[in-house]
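> Spelled out, the chains give:
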Amino acid sequence: MATFSTNEFKPGLKVLLDGEPCSILENDYVKPGKGQAFNRVKMRNLLNGRVWERTFKSGESLEGADVMETDMSYLYTDGEFWHFMKTDGSFEQFAADQATMTDAINWLKEEETYVVTLYNGSPINVTAPNFVEIEVTETDPGLKGDTAQGGSKPATLASGAVVKVPLFVNIGDVLRVDTRTGEYQNRVR
Amino acid sequence: MGADWQPSAPLENLRQRALLLAQVRAFFAGRGVLEVETPLLCQATVTDLHLDSLTVDHLGQRRFLQTSPEFAMKRLLAAGSGPIYQLCKAFRRDESGSRHNPEFSMLEWYRPGMDDVQLMDEVESLLRACLPGDLLPADRFVRVTYRELFQQYLHLDPFVTATDELTRRACLVAGANPSAMQLSRDGALDLLMSHAIEPQLQSPVFVTRFPASQAALARVIPDTEGDAVALRFELFVSGMEIANGYLELTDPQEQSRRFAEDNVCRAWAGLPVHPVDERLLAAMESGLPDCAGVALGFDRLMMLAVNTARIADVISFTADHA
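Line by line, the protein sequences are chains D and A.
Heads up: the first sequence begins at -6 in the working numbering, then just goes up one per residue.
Heads up: the second sequence begins at 137 in the working numbering, then just goes up one per residue.
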């Protein structure tokens, strides 16, 4: 893998720090007029999601990390692993464990496309699309005609997530949900 | 070509910049300080360990874009110019960031007969003449020694604390293992200063009496504790370094020794060793008058004037759009 010097640290670059893959979020140059130059770098550890700042002497370099973000279709779970398949026509399959699934586990739907992050060829993170459309499996009966007034109730989705929905929503409705906030957007059908 | 032809700074800020340039010139005209222009393209350059010059070819010879107009201005002083100032571009290789552009504007001036303390007063007067009053405190700017500053903010004495301990503290601030970061004593002090102290210096403060190892071209004297200190000052405002001044070294032998020492450090760090500016040394041999001098980042002054933390907001086109 190539190495990258501090002046090549751009947001999105994946590097190895203390043996762990990290994604650069921000990089600023700090230098006393007559003194040593530094780069103050904000990064995310891709294994545990932790975000932190680390200062380097300008000109120091880090090894690049073999990290790829790949679109994959969700297939099924066997209870221990969640199975995905590349959407590039290769039919290549990957299995992610629960720790790797993180929050995406709440928004799973067969044949939906997820971003699976591969590090040295193994999944280390799964990200749901920003919006998913999932069916309601459980909620109190809907109130007929109540499409405008406020008020909300909980509804359980086929993926297992519970979201706040308007009172008119019924079991069997398909809802569009923002996976980043867990908020109901609208009823699709 | 699409997209990025537009200026980095809002036009309103560029109008204010023109006004600020005029105010600076009026300030010096009122004090009888002569405006001068010196070459940006020179045959010699600084030997500072942490300043890298951009080089260009001219008639098959290597030339340096100046990191500051200091050497040429000192030759004018030695020739009897009297008090002088200059507003010019300065160039520093690889300096790019939210507060740095490799090409920037410098305001530099020299005052024969003044010492560093008097020059600090003049720097303060300039800021008061050019910046909106509500930006600055009514009281005289605070003055604190480098030693007092570290004692106040980090509870350590930068002159006596062991290098291992300074390095440990610096790495803690950097979020790094001490083994992963090889810092010199001054490197550790620079890291602590820039990361742990500078962001807290919001109200204007002059930091004085730097360690002798950071003297650059300032005179060095023993302080009351018996440590060698440089008669150097830096002004910080809004968590940002604004100006750097010296009671200027006038002794050519000492100057020559510092150039040589710098070049030894450069070689040791794997950096190019630069030819010494013989014309500056010759001018000092002939006699540089006792004087104090200061370099002030004009872009930084503009950043204060329009209250921004980004240099891109005050220059027409940053290097990545130039």
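Calculated directly from the structure, the hints in this document are not laboratory data.
C-beta: ideal position from N, C-alpha, C; glycine also.
Some clues are possibly wrong.
Stated by the list, open to error - Here are the simulated DSBU-like pairs of lysine-lysine, each with C-alpha atoms no more than 30 Å apart in a straight line:
hint	chain 1	residue 1	chain 2	residue 2
1	D	3	D	50
2	D	50	A	225
3	D	157	D	102
4	D	3	D	79
5	D	102	A	225
What the hints assert, rightly or not - Under 7 Å between C-beta atoms, here's a sample of chain D residues computed to sit facing chain A:
hint	residue
6	19
7	27
8	28
9	29
10	47
11	48
12	71
13	74
> Give a verdict on every hint.
Now for the hints, and whether the structure bears them out:
1. D:3 - D:50: holds (16 Å)
2. D:50 - A:225: holds (26 Å)
3. D:157 - D:102: holds (19 Å)
4. D:3 - D:79: Holds - the C-alpha atoms of residue 79 (chain D) and residue 3 (chain D) are around 27 Å apart, at most 30 Å.
5. D:102 - A:225: This hinted pair is violated, its Cα atoms lying about 60 Å apart.
6. 19: Given a least distance of 10 Å, the restraint on residue 19 (chain D) is violated.
7. 27: Nearest chain A Cβ about 5 Å off; hint holds.
8. 28: holds (4 Å)
9. 29: At 4 Å from the nearest chain A Cβ, residue 29 (chain D) passes the 7 Å test, so the hint holds.
10. 47: This interface hint holds because 4 Å falls under the 7 Å limit.
11. 48: holds (4 Å)
12. 71: violated (40 Å)
13. 74: violated (35 Å)
Hint compliance for this structure: hints 5, 6, 12 and 13 are not met, and every other hint is.
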